[in-house]
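From just these sequences and the hints, can you work out the full model?
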Amino acid sequence: MCGVLIGSRADPDESDAVRDARPVPNVAADPRTHYELDPEATLAEIEAAEAAGDDVVGFYHSHPRGPPEPSDTDRRQATWPGYVYCIVVPGSDEDEEFVVRAWRWTGEAFESLTVEVVDD
Amino acid sequence: MDVTVEVVGEGEETLAVDDDATYAELARAAGYSPHEVSVLVDGTPVPEDGTVTAERVTLLRLIKGG
Chain A
5 MCGVLIGSRA DPDESDAVRD ARPVPNVAAD PRTHYELDPE ATLAEIEAAE AAGDDVVGFY
65 HSHPRGPPEP SDTDRRQATW PGYVYCIVVP GSDEDEEFVV RAWRWTGEAF ESLTVEVVDD
Chain B
8 MDVTVEVVGE GEETLAVDDD ATYAELARAA GYSPHEVSVL VDGTPVPEDG TVTAERVTLL
68 RLIKGG
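Residue numbers (our numbering), protein chains in the order written: chain A, 5 to 124; chain B, 8 to 73.
Any given hint could be a false lead.
To be verified - Label-pair distances were calculated between CB atoms; the ranges are: (1) F102(A) to T21(B): 39 to 49 Å; (2) P29(A) to R63(B): 46 to 56 Å; (3) D34(A) to P54(B): 21 to 31 Å; (4) T21(B) to R69(A): 40 to 50 Å.
Treat the hints as calculated values from the structure; they're not laboratory data. The beta-carbon is built from N, C-alpha and C at its ideal position, and this holds for glycine as well.
Structural data, given as structure tokens:
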């Protein structure tokens, strides 16, 4: 799974807020091991968010296994400096259905971010 | 011809390209490899080897990995 994170982007020393995760089809040639957001659907989601006064905070994708950390492929192919790349992996037990971690692409590396769930 | 190029999330600029320029060449003129962007006209991707006919083009940096 993969998609666009919608919400509010903040100044670098403040927290971004994600209010919606919009799924986008994965059009990678081998979707079992790679992801690529469908460009047409991605652009439609971005334009809809901006029309509603929201920001694109970043993007999310899942890894079927392994730690919720960017892969070498993720590093090689990252193209949105300053934006959040969120990675979801299956949890390790029944109490943890999945694990979510977030990273900001600096243009050279992924910096780990703190993910906090806040009630409305 | 002059083409207005919007790079999603970055901004837009107007570039002068040859009349027979391709969308791949337009992407390069905007500073991007054709392999790292999708070129869209009116919200629909266009072939990178197609000749530029649109006066306004959107470049979407690809979001991909594995």
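Q.
Flag every earlier hint the structure violates by its number, smallest first.
A. Per hint list: single violation, 2.
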